[in-house]
Amino acid sequence: MSDIQIENVRKVYPGNVEVIPDLELSIAAGELCVLVGPSGCGKSTLLRMVAGLEPITDGEIRIGGRRVNELEPVERDISMVFQNYALYPHMSVFDNMAYGLRNRGTAKPEIQRRVREAAQVLGLEDFLQRKPRQLSGGQRQRVAMGRAIVRDPAAFLFDEPLSNLDAKLRVKTRVEIRDLQQRLKTTALYVTHDQQEAMTLADKLVVMNAGRIEQVGAPMEVYARPASLFVAGFIGSPPMNIIPADRVPGLAAHDTASAGMTIGVRPEALIADPAGPVEMTVRVVERLGATSNIHGMLPDGTTEVIASVTGETVPAPGDTARFAAAKVDLHLFDAEGRRVSE
Amino acid sequence: MSDIQIENVRKVYPGNVEVIPDLELSIAAGELCVLVGPSGCGKSTLLRMVAGLEPITDGEIRIGGRRVNELEPVERDISMVFQNYALYPHMSVFDNMAYGLRNRGTAKPEIQRRVREAAQVLGLEDFLQRKPRQLSGGQRQRVAMGRAIVRDPAAFLFDEPLSNLDAKLRVKTRVEIRDLQQRLKTTALYVTHDQQEAMTLADKLVVMNAGRIEQVGAPMEVYARPASLFVAGFIGSPPMNIIPADRVPGLAAHDTASAGMTIGVRPEALIADPAGPVEMTVRVVERLGATSNIHGMLPDGTTEVIASVTGETVPAPGDTARFAAAKVDLHLFDAEGRRVSE
Amino acid sequence: MRAKRVTFRHRWLPYALIAPQIIITIIFFLWPASQAIYQSVLRQDAFGLRTEFVGMANFERLFGDPLYLESFWTTMAYSAMVASSGMLIALILAIMADRVIRTATAYRTLLIWPYAVAPAVAGVLWWFLFNPTIGIAAYAMDMLGYDWNHYLDGGDAMALIVIAATWRQVSYNFLFFLAGLQAIPKSLTEAAAIDGAGPVKRFWSIQLPLLSPTVFFLIVVNVVYAFFETFGVVHATTSGGPGNATNILVYKVWRDAFEGLNLGSSAAQSVILMVIVIALTAIQFRYIERRVEY
Amino acid sequence: MIENRPILNVVQHVILIIGVTIFVFPIWLAFVASTHTAREVNSGIPLLPGDQLFENYAQVLGEGLSNAGAPPIGLMLFNSFIMALTITFGKIAISLLSAFAVVYFRFPFRILAFWTIFVTLMLPVEVRILPTYEVVAQLGMLNSYAGLSIPLIASATATFLFRQFFMTIPEELTEAARVDGAGPMKFFRDILVPLSRTNLAALFVILFIYGWNQYLWPLLVTTDESYYTVVMGIQRMANAGEEQPMWNLIMATAILALLPPVAVIIGMQRLFVRGLVEVEK
Amino acid sequence: QTEIQLWHAMGGTLGEKVEEIANGFNESQDEFTVVPTYKGNYTENMTAAIAAFRAGEQPHVVQVFEVGTATMMAAKGAVRPVQGMMEGANIEWDADAYLPAVKSYYTTPEGDMLSLPFNSSTPVMWYNKDLLESAGVTEVPGTWDEMFAAAEKLQANGHDCAFSFGWQSWVMLENYLAWHDQPVGSKENGFAGFDTEFQFAESGDLTSLLQRIADSQEDGTFKYGGRRGDSLPLFVSGECAMWMNSSAYYSGIKEQAEFAFGQAMLPVNTEARDAAQNSIIGGATLWVLEGHDEADYQGVAEFFNYVSLPEVQADWHQATGYVPITTAAYELSQEQGFYESNPGTDTAIKQLSLNEPTANSKGVRFGNFVQVRDVINEELEALWAGDKTAAEALKAAQERGNQLLRDFEASNG
Ligand SMILES: Nc1ncnc2c1ncn2[C@@H]1O[C@H](COP(=O)(O)OP(=O)(O)OP(=O)(O)O)[C@@H](O)[C@H]1O
Ligand SMILES: Nc1ncnc2c1ncn2[C@@H]1O[C@H](COP(=O)(O)OP(=O)(O)OP(=O)(O)O)[C@@H](O)[C@H]1O
Ligand SMILES: O=P(O)(O)OC[C@H](O)CO
Ligand SMILES: [Mg+2]
Ligand SMILES: [Mg+2]
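In the order they appear, the protein sequences are chains B, E, X, C and S. Each residue of the first sequence is one higher than the one before, starting from 1 at the first, in our numbering. Each residue of the second sequence is one higher than the one before, starting from 343 at the first, in our numbering. Each residue of the third sequence is one higher than the one before, starting from 685 at the first, in our numbering. Each residue of the fourth sequence is one higher than the one before, starting from 979 at the first, in our numbering. Each residue of the fifth sequence is one higher than the one before, starting from 1260 at the first, in our numbering.
Hints may be right or wrong, so weigh each one.
[Claimed, not checked] Some chain C residues judged to face chain E by a derived CB distance under 8 angstroms, without partners named:
{"hint": "1", "residue": "A1036"}
{"hint": "2", "residue": "P1086"}
{"hint": "3", "residue": "E1150"}
{"hint": "4", "residue": "L1151"}
{"hint": "5", "residue": "A1154"}
{"hint": "6", "residue": "R1156"}
{"hint": "7", "residue": "V1157"}
{"hint": "8", "residue": "A1160"}
{"hint": "9", "residue": "K1164"}
{"hint": "10", "residue": "I1169"}
{"hint": "11", "residue": "L1173"}
These are computed hints drawn from the structure, not numbers from a lab. Note that the coordinates shown come from a computational prediction; the quantities given were computed from them, not determined experimentally. Ideal placement from N, C-alpha and C gives every residue a C-beta, glycine not left out.
Let's have the full structure, built from the sequences with the hints guiding it.
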């Protein structure tokens, strides 16, 4: 259990491609830090620099206070779970988990003990003799986890470990990961592009965009007070509605609705109100059970808006519906997309 | 636009594997019918029999009143969208869409017109000359859709058309599909194993299990009154909590809680109540933004329960929390798993 | 053998499609092969003017002939050497090239050349290089204090044909190994690095096992190559000598037929070879079918 | 990359360069020999090109070495081309069709047909050379391009590779084509053949080289100089009977004989390598 | 015009000469065209023709070396005896014009000439004058003892390899035995029937000589350079001072050797005899194959007649080193002064006619002899390689050879 310090880190790929200009991040010991951001923003690059799989162009990374820039991956005392699991296809589940221990010269009985322990934690006892191809996706994922935990490393690194699972399994597995991490109390750096996953897992949420950090904070803090339009659009599902302030006059105070400002309002903050300022033509209604998403279009004909409502009575496609929002639920952003603090 | 009638259909695969014993289903013209069910329950098999890709062992399928059992796929006037899209990798987007028309001897200008029209509807105009591998997953999916719609068939058949997309895109695309189908008013049979997709898309929802239909109905009807334990557990996310009736004495009336009966209660129907009959030890709390899922364990130590709550104040892992549920939100099932009507 | 799950239905088309190959196979393979079987139980004079049925005598003679058995072992040793040295060298080069991915293509382009050289010509080239009187390789050996003479020394002659045959095949093996190595997901190597395996350990415990389908495939290809296609090499260099040191089975089949004019024996040898190879084919199919199906 | 140490990289390059040098050396020497006089080659071994390049190549291209059974090389090259291309295209054509039939149809006698074809898989013509020769002679195909090439087409290697590849083509593609109204032949032409492009390229290279490099068979079935192929010519020149071989001319011919297959292999390198992987997997 | 196919084994300059002869014939008349085709070495040429015969595609004429004689003779129905063909053709022809030493080899006991002697040779000893002189060897060795003595001198002079030879069975076994009037096999070396057995291993002097040669590899006196003519480079490059092989290497040596060379008679092994008997011929003859139009054979006969013309033969003899096959050609060469201006070029013919041939020296005629030669080659190579002693090698060769003789008897019985 160690902290991870990333200081002034820069990454330039061969061919002079600067992917990360200058990045600063500190992860406390035992914390689960989730990096989230759109594809290509440099999440994996950062993670791989921490792992030692990618040279660090500039800056310093410290794990447990020790500078690791020049260390080989194995010397950094980390474990990594890959997106495609990277299980050794020709080895049994047992051997997959034991491989790292064997390479470190751990004694046989000790290996036995640790692997069995991890297998028990992950419910893999019955599969230890199988090959990865004889396992389902979820089971494979758990083997990858098992491989990471048997070594009891200073830190876990996860690169989109759930993206190969189907929706249902993904939800289930992320609970397991969270549970496990809380019990083991190992520092973890977790990369995903799924904001929901990020929200539910993180102690500390880091939103990245184009190699830079847009916002760092507790998930609910980021959700409640997105620091930028980018974060506002990225976190939350269905995503926050982004409405040019001049489009819906009644929504916000006049003084704010100036100079290219935009208003953000979450779908669940829109409340059906026949006198509300937001008028939309309903296109599609999705009934999700407890809630329904109403997809509509503002009268300007270009701005799409989603309202998330509970209850049985919903408008039908083609109807015109009106919504209101409480002042406290409105987020204001300036022309550069930065939050205008209120 | 034609209706589809499936009557007494039976399917036995070579090797005497009976996959569908006897199935009856009627899809009205213009209706979007979604088949949902766990993997291996026979959804694809049924769809493929309708498409003409799989011989029908027994029974009859009629499209637009015409018996199609003996017809080749091409003669049935249907279009199909495959799970992996099955785009011709060596043909441009244009050629992919035009191929079916060319094979039918459609005139060149007509092909041009129809493909351009479809491309416009789907926002593919700029990609017509690209090869599938040069497209993103979402774009590929749209090409597959385009290939289906250019022919203006009597019916669309979809086999898990979204399962290769990531979560965000899946949500977006299903809205598009719904929108498109509503505009074209083409009869559609849609297979998925994702209950949320099924719920949001269907005019008519068909829940299948092991080659049999468990329930047919409008999505909200199925959600509100699941006909069986299977449907109850399958539809809704997080899934309905299934609690042996004798485990939580205070929850339902004594007389119902007998003889192996079970009570179903949806996570959102559990309301935090310090005096509520449902007591659980909190294991994990997932904060999703507007709502939070609280995963816990009943005192019996084996029954897992999820409560879905709104609001900022949530219990922490390790806490004990209590919940209540309104009588109307309880679903009762008998020992065979059939709904006990109330 | 399996077909696709999705098949077409047609009454005569499949027959029409398969007919050309079947016809060619029957005329130019099955018919001659059955002739070979027929001839293997006959004794004939060279011109085919007198024929006598001798039953299994030709086979009995072969199995009782120490020279045939010697030729058999020679072939085994030769094939093993060609296959193993060819694959080993290719593998080493491929590993090196795989590690320097960006320049791999340049090396590949250079290494590909020998593959284009006919075995017979490869034989001629190496014969030229090792010619005891004018060959530069023989000269170099001489400088190193080794008196190279493949006309006399069976070991030298064997080395010569092994080198000539291997030289050409290394190119081919290299292509497959490089492609195979590059197809191994990078993340596996990385996972192994994190798991504390150094480059050598990674190679033995991860890359090589994952390369095993390629290795298996190449073993089959190389053995078949050594068995049959290197006829030209032998013919162009040692002609099976000195003594019987390089008289490999195919060469013997040919020589007994065309130089020895002993058609019965040659046909019997053909039959034995066919049996061996058909067995090999069946094994290969078994393996591949299993691999495809898992 | 892990272990990104400069010394390791240097070692790798050194090994590769040594490897390449050893492998290219015989060809270099052949070239060197082809630029000297016969006498220079026979006495001492030059390592650098001489000044006879033009003379030697002019001689082999012009008159050849007719007494050693080698007519002017132009004709032999042409024959090699015809033979290699006939084998290549012939084999690809019949193999594509028959692999299509075994993979995409179920029909009576399919298994029999399958084995009829596949017993030939690894049996080269060398093991049944005499009876094959007699069959070809009976069919009057000695001294003809047909006799040179068709018997060598009778092998299932290409069929086997196509079958392996076809088995990996997703079934959905076939179904999509059926839904799109494509019958078997249309599917074959519009989908299967274009998809097999890289495999075709790989096979083209392999078969071209196979055909070009044939040696024993042409030696047997041709007695008419106008059908001699170049590989056979080289071997004959080297096997000069009772004389000292003309190494300079032999090597000039060898270099010329090398160029077409090398051109094919290098020109198609990218597709070839990709095809290899797909074929093999 | 009718085409006459002629398959031959004459590579290099010899091949050019064959083409010259064919052209000469083609120009001399306009009814027939002889098309010569080089089909590889003697073995390849012969077996290609046999394979072609089985396939019904045989040439009219095929050149077969002397060891194939028994095989060809046995193929009744496949070959057309020359005597009958020539006599039946519309030409003037005299069988007695051919040198007896040459003719007898290819003639049946009944006096029927089977094939046309075309290129007959005999092994001689080629020597490098310059080398011998500089080593102080004034007299060309005439006996094996002198050979080894010369070798010592050469080595004292810093030259390792004294001698080598090619066609080893022919030179060192068949001819050695004839030269010393000893049998290769029973039944007059096979002339008297197929039921013959080899006896060469019984010759003690042969055994000890071969052993002595093998041992002399130790100091490099003898160097083995391969079968047939493969060792020619050893001689023409100046590496070995003496080389025993066919007289027919004359043109090749003349073209390539950059030193003064000469030819002398084969050395005598005084352990066996004081003086030589005579050597036996080698080279090849032209055989006529059946299965063509009768009219074609007229052309073949005319061609054979042309080949036998004194001018043609003399020219061939002088250019190649093959012996003249007709008395007329020999006399013509003498008249032309060829032997005076090229001393030693009559060595071959002198060797052949040194004495009246005995049963041991008129030639060999064994079935399957092509394979027997392979066997002998293999066993001798084992001897040179030190894997066997001379006695073992000869014994093994004899046993394996006898087996081949029995095979031949069985399939041609
Ligand atoms: N080896 C490389 N050489 C050059 N550019 C690279 C290399 N690897 C990645 N990149 C580029 O760096 C950028 C960041 O890549 P990275 O893999 O870190 O993104 P990511 O955030 O993990 O995206 P994703 O969610 O798609 O995995 C991308 O633009 C990518 O193209
Ligand atoms: N060709 C076949 N031969 C035999 N059994 C088959 C065949 N195709 C499918 N099955 C079996 O039929 C059952 C139903 O398969 P089907 O593909 O219809 O399921 P599905 O509901 O579409 O599942 P999924 O959600 O995984 O696609 C499965 O048990 C499957 O193994
Ligand atoms: O080289 P040649 O033509 O003299 O023939 C040598 C031997 O006689 C062949 O058997
Ligand atoms: Mg990434
Ligand atoms: Mg399915």
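Going down the list of hints, with the structure as the test:
Below 8 angstroms, beta-carbon pairs count as interface contacts, and A1036 (chain C) has none with chain E, the closest being about 47 angstroms; its hint is therefore violated. With a cut of 8 angstroms, the hint placing P1086 (chain C) at the interface with chain E is violated, because the nearest CB-to-CB distance is about 16 angstroms. For E1150 (chain C), the interface hint holds, since its Cβ comes within 8 angstroms of a Cβ in chain E; the closest pair sits about 4 angstroms apart. Interface hint at L1151 (chain C): satisfied, since its Cβ lies 5 angstroms from the closest Cβ of chain E, which is below the 8 angstroms cut-off.
For A1154 (chain C), the interface hint holds, since its Cβ comes within 8 angstroms of a Cβ in chain E; the closest pair sits about 4 angstroms apart. The closest approach between the C-beta of R1156 (chain C) and any C-beta of chain E is roughly 5 angstroms, which is under the 8 angstroms cut-off, so the hint is satisfied. A cut of 8 angstroms between beta carbons decides the hint on V1157 (chain C): the least distance to chain E is about 5 angstroms, and the hint holds. At its closest, the beta carbon of A1160 (chain C) sits 6 angstroms from a beta carbon of chain E; the interface hint therefore holds under the 8 angstroms criterion.
Against a cut-off of 8 angstroms between C-beta atoms, the interface hint on K1164 (chain C) holds, since the closest Cβ of chain E lies about 7 angstroms away. The interface hint given for I1169 (chain C) is met, as the beta carbon of that residue sits about 6 angstroms from the closest beta carbon of chain E, less than 8 angstroms. Checking L1173 (chain C) against chain E: minimum C-beta separation of about 6 angstroms stays under 8 angstroms; hint holds.
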